[in-house]
Structure formats: C-alpha cells, structure tokens
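Using the hints provided, position chain B relative to the given structure of chain A.
Here are the chains, one letter per residue:
There are 2 protein chains.
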Amino acid sequence: MTNARISLNRRHLLAGGAGALAAAGLGPWGAREVQAQQTQPASQAQALPPYAAWKDADSLIVHSANTLETRRDAYGTSVITPREQLFVRNNLPPPDASIVADPDAWEIMVEGVKSPRRLTVRELKSMGLDTVAMVLQCSGNGRAFFPSKPSGTQWTVGASGCVIWSGVPVRTVVEVLGGRVDGTRYMTGTGGEKLPEGIDPLGVVVERSVPLRGMEDALLAWELNGMPVPLANGGPLRLIVPGFQGVNNIKYIKRLAFTTDQTDARIMADSYRMAPPGTKGNPSQPSVWEMPVKSWVNHPLPEDRLQPGLVQIEGVAFSSHDPVKRVEVSVDGGKNWRDATLFGPDLGKYAWRQFVLPAQLPAGEHRIVSRATDAGGHVQPEERLDNVRGYNNNSWADHGVTVRVG
Amino acid sequence: MTNARISLNRRHLLAGGAGALAAAGLGPWGAREVQAQQTQPASQAQALPPYAAWKDADSLIVHSANTLETRRDAYGTSVITPREQLFVRNNLPPPDASIVADPDAWEIMVEGVKSPRRLTVRELKSMGLDTVAMVLQCSGNGRAFFPSKPSGTQWTVGASGCVIWSGVPVRTVVEVLGGRVDGTRYMTGTGGEKLPEGIDPLGVVVERSVPLRGMEDALLAWELNGMPVPLANGGPLRLIVPGFQGVNNIKYIKRLAFTTDQTDARIMADSYRMAPPGTKGNPSQPSVWEMPVKSWVNHPLPEDRLQPGLVQIEGVAFSSHDPVKRVEVSVDGGKNWRDATLFGPDLGKYAWRQFVLPAQLPAGEHRIVSRATDAGGHVQPEERLDNVRGYNNNSWADHGVTVRVG
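As they're listed, the protein sequences go chains A and B. The numbering of the first sequence is my numbering, which starts it at 1 and goes up by one. The numbering of the second sequence is my numbering, which starts it at 407 and goes up by one.
One chain only, chain A, in its complex shape:
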C-alpha cells in the first residue's frame, strides 16, 4: 500500500456529503452508504482506508471507509478466506490503532457472573484455548438483490468469509468467575469504539444481546487465521458467536455481561430487526441472530470468457447450526437440478463447505443457481423473506449468475 493510495483515499473521505457522513459512522447504520458506493466503479481497485491498508485492494470493493466487500471473483476454493480478503463492516469508525500495539494488555469487564471482574487478554490466555472455523457474514449480505432496494450498503455476496478464530471459550470464563447470575437470559457484548460526543450513547453504542444458546460455542478471540486479530476485524479481542450474523460478534469488546433483558441500545432495539415492509424496526420483531441456510456460485461468473465444454461450477454453502449435507446446482435457472459434490476439508458445522459440479456448457446463455440443504432439513428457499432493511437474504434465485458461453 503506497502513501499515494492512502492520500487518495483520505481525499475521498474528506470530500464531504453523504459519503463522508456515513464514513464518520454517524449516519443510521449503513443508511447513507449507498451513495458513497455508487460514486465508485466496482471494476477497479479502490483506495482502502488507512486502518485496512494492509488488505488486498484488488480483492475488495470499497463501499465506504467502514464497508469493504470481498469481490465475488476473488473468493478462492480453499475454504478459508485470507485475512487480507476478508470484508469489513464497522458500525462506528474503529478505535485508534494503539489498542492493538500491546494486545495482551486489553481489558474486558465481565458482569452478570457471581464474581464480576476486569480481565486482561493476558489473563484470558491463561484460562483456556479453543479454535473454531466459522462463516462471518454481515446480516445485510445480499441486500443488493432486494427488489425493494432497502437503504444500507449494497452488498451482494462479499460481506462474508470463512475464517478461523482462536481464544478462550466464554463458558470457561463464566465458570472461572463463579457462573452466571441466576435469571440471566442474554449474553450482551459492548464494543470499545469511541462514541461521538453530544449524542445519546444508547443511540450509537455498538452493544448487542444474544440468547444464551449463543454462549455455548462462543469465544473471546485474540487470533484470526493464525495471527493476532487485526484492528480492521475487531482486534485485539472480539466476541465470536458462531452461527450468528456478524453484528453479534462484537469488535474490540470491552464489556461482556449476562443480562436479564436485551440491551436498549438502538443497534439492538430498533436496528437489525426483521421488520416487515411498511413497518419500523422494534423489539417485538426477530433480531438477526442465527444465519439461515445459504449457498452461491463463485465460478463461473458473468465476466468470465467461456468456451463451450466442461466447466467446474463451484461455490460455497453454509447454515447456522446444522452441517450442510447437500447442494444442488441448476444450469437452467432452477428447472432441473443435479447434486454437486462437497469437497475439501470439513471444518465443522459453522464453516462453509465448498461444492463443485462439473458441467458441459454449450454455447449460449445459462442461468446458474445453487440450493443448499442442511442436516436439520432446512432448504435454501427460492424467495427471500422481505423486510425493510434487507437482512438475511438467502434466496437461491437472487444469488444465481447468468453466464455467456462462446
């Protein structure tokens, strides 16, 4: 990353307007970023924000300073998404980079346990160690496919990656601290972002609650894909809730509390709710917690120049709690389906599986779609569940690609 590129990026950020507002993290979550995104052609590498300057610009679409999407054609077939390709979605600008200079010194307050206390990462590292491979996905991934054009970042498939986290199991920490306080029903994490002054903190704080079932495999993680968690992806310490949409995986976590009720923070109460069309988000609606079963094709893509003949159609498939057991592929838009092969290492139920189907494609246009089924019998639907903000899109029809052969 050259200085020239960083400077270019800074100029872009300082240019003012809706994009700059969103870049400062002060718009409604994601609401203003559409405009910023639309000012940038998607077909060329764009300037990365300084905190993510080490990422691979050629693999990313820069929607705004706080929303970077992995290009669909950048996904490899080796299961794990490299750190330098992994998407970023920040609800607020990240804290100063000084917090990752000495990761072991970062502190987290643990509450709602019999012996609440402040713990350093150094102390957490002495308590226990586990590793989980999982899909990290923004709940707005696939928003761009909603015909209703919901506001927010227009992600297609690239607000997602399959990565490996290491840290201490949350249940180990809870055990060491004497167990949960009776009657607590939620695990609530608070991010370490600096809050803008003069605004009600509840309106901007990144604080989310998940039901206790989310605690079972949760980690307080200090490592991503074999290296310290970078600031851009929530380092020095991130709450990892496998199977749950990205927003529940609190970055730079400074407080973990077991609570009787969900937090009143706006990001929990009103945002990230499955609000039916024509309504506003409110706590009575389902929050974006577990990820619905989903798959998509990463090769071939519309931009590929294809000759008639054999093509290896490949992509990824995942679910939240049950392992993917089947992926079907259709090359005629869903009229006829064939079973694809799941290949490569199986990294556990929270990771995605690669699938491949060799297909003879004659000259002409082909609509390629994929449909995943998990061991719990959940089948990826043809239609998305419509909602105001465009969350949880797992429609197989939406995720299809049209390719031209010959």
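Okay, derived cross-link-like pairs now, EDC-like style, lysine to aspartate or glutamate, Cα gap no bigger than 20 Å in a straight line:
id, chain 1, residue 1, chain 2, residue 2
1, A, K325, B, D752
2, A, K114, A, E175
3, A, K254, A, E193
4, B, K755, A, D346
5, A, K149, A, D386
6, B, K555, B, E789
7, A, K349, B, D752
8, A, K280, A, D386
9, B, K731, A, D346
10, B, K731, A, D130
11, A, K325, A, E382
12, B, K755, B, D728
13, B, K741, B, E788
14, A, K254, A, D104
15, A, K194, A, E107
16, B, K520, B, E622
17, B, K660, B, E603
18, A, K325, B, D536
These aren't lab readings, by the way, just hints derived from the structure by calculation.
Below, chain B alone, put in the same frame as chain A:
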C-alpha cells in the same frame, strides 16, 4: 514493505561471500547457508528477498535469500499457517515473477501416460477441482538439533506450515490422458527454474520422483490458502504430494512424468537420502518421502516471561498417513506424561492438529516436551535417526523447550 527495506535487502544480498553464493542457489543444496544465517541475529526482523517481500518479516528468520523460516513464537493456534508466515526453501532461485502474471497460461507437459500432452493451467482448471489441507515441511526441519551439526540450513521447527491447496487431482489428469503407461512405478516432477549455464543440468535441476502411492492424493495446485499460489511458494502451479516432505512438492512444475525408474538428477540420486553417518548419499538409501510422526510445543517458549500459575501449553502434531490420535506432554523433560487435548477443526490426516494442556507451573525451570502417536501406532521417538545431512528429525527430546517461571 517499503522500498527502503527492499534496498537494504538487496545490499545484503550483494555483499558477497558464502551468503551470496548460497543466495544465488549455486552451492550444494543448503550447504553454504549456515554461514549466512549465523551473520544475522535471530531476534529482529530481517530484510526479505524481493520475491518474498510481501511476507511478514516479523514472523520470519531470514537464513538466506532462498531459505526463510517461520519463527517459533509466530505460529498461531488457528491450525492454518498464513501465506505471509509460511517458510520458503528454494533449491534454486525462483524464476522471474512474470510467470505468475497470467497463471492460467502456464504450461505443463504430462508424460508417461497413453496420450502425453502439454496442458495449460486453464485447461487443468476445467478438468477437476479438489482441496487438501496439509503440513508442508522441509525434510531438514529440525536439523539445528543434530549434535553432529550437519551442513545445511539450521532450521529448528519453522521450516513447516499447515496450509490448504486447491487444484486438479493428478489421478484425474492421468485418467483424462488415457492412464499411465504400463510398467511405470514413479511420479517424477520437474521444476521450472532457470538452470545456470555451464553446469551439467542433472547436477542442478530440481527433479524428484515419488512412488506411485504418492499419486493417490496428489494435486496440481494453483491456489494456496484461498489465493493464487505465490511465486515464493511455487506458483503458478505446484505439485502437491500430501504426506511427503517438502522437496517432493515441485514448484513451478513444468513436467510431470510417470517413469519406470527414479530420476538420475542429483537432488534425487545423492541428495535427500538418509545416509548413515560416515557415508555419502546414494540411491540405495531411503529418500526423504513420507514424513515421520512429530510434534512440538509453540507456547510457552524460553523467551516468555511467565508468572507461577496456570499456563496453556500448546503446540502442533502431525504424521504422514495416519491421523494423530494422541499427544502427551511432559513438564519434567519426559519423566511424567499427561494427555493433551486435541482441539480446533480436524482438517484431515495430512494436516496438523493443535494440542493444548493446561498446567500449573510453579516458580523454577521446566523442560516441556511433547510426544505424538498416530492411529497407525507410530510413536514419536525420543531420539532422532542420525544421518549425514540431518533429515527427518522427529525426536521429542530435541524439540522440547526449557522455560523459566517467576
């Protein structure tokens, strides 16, 4: 990577002497690199050679321009070794970087099959796709622990990594080309390095033969950890022979031949042989093929400042053909052993497993060792098998660490 750092590196390379000779790849395999290594303190980041400038200098020990070792304290606990931390061991300097500019155009000649022919990577990609996670290890890994001080790079544990490769199975290519010629017993790969002029090609060419059992899970791979294979690790196309020591995984492979006999190339005939002390390598001795069962501890290490109390002792364990089923850890140099826990995703029999053992360590000095056993009943031995060039060291005693607490 700044230009300043690259320049510094170039100055180092051009400084002449034994290091420069080794850097040019013209010494005996690895023989002259000891001196280059000994001129550099191991405790600070060193300049990387230009072809590997994108790697993480802080994670690597630069033995020479063609031998980069992963630091023991850089290994994470997330199973997969990031590309930027992965070791490099080149027998000859890598080809010009232009060969990875258009990876799909790279050509390989396939011989010893019924329909021998030249294939591009583009054609290979249409034939099939599979992915394997595996330990890539230089057969000289652990050489530094031999009391006999064999010549060659003084690797400790860091000429190894666990990575994921994607490509076409060799058996698929063979099938498409009509099957092997009758009577062939070896799979022989030839690297695409430019050979120095005026030297007998057989004396320098990187060409290795493995028995046909190595073909079963072999790939012609174009992807490493989710991205195109970088030049530094053998891109655009590398022969991957899971379970076999690194030298058998031919970089920039330009020819794959099924042959009746092993190649006469010196790197096969005389080098990489398990030559007993006092002998020279020759074809009657075992070649370095399958990797023997092995493990080591990556935390804690001697340089860690430890306080009395609970420590998570962790490390990695692997074998060649049978999955690791047990790792024992001793904190008293091998007198008493306790079973460690294997944790994290199991990526298959060719990958390493992470192990962890929580241990209370009182003030004082402790000798921590680990011992792996695979499902085939192979137990990591206390003693290395002595040999002239220091290959295949899997001694648990050699790989132990002495730490000081309090």
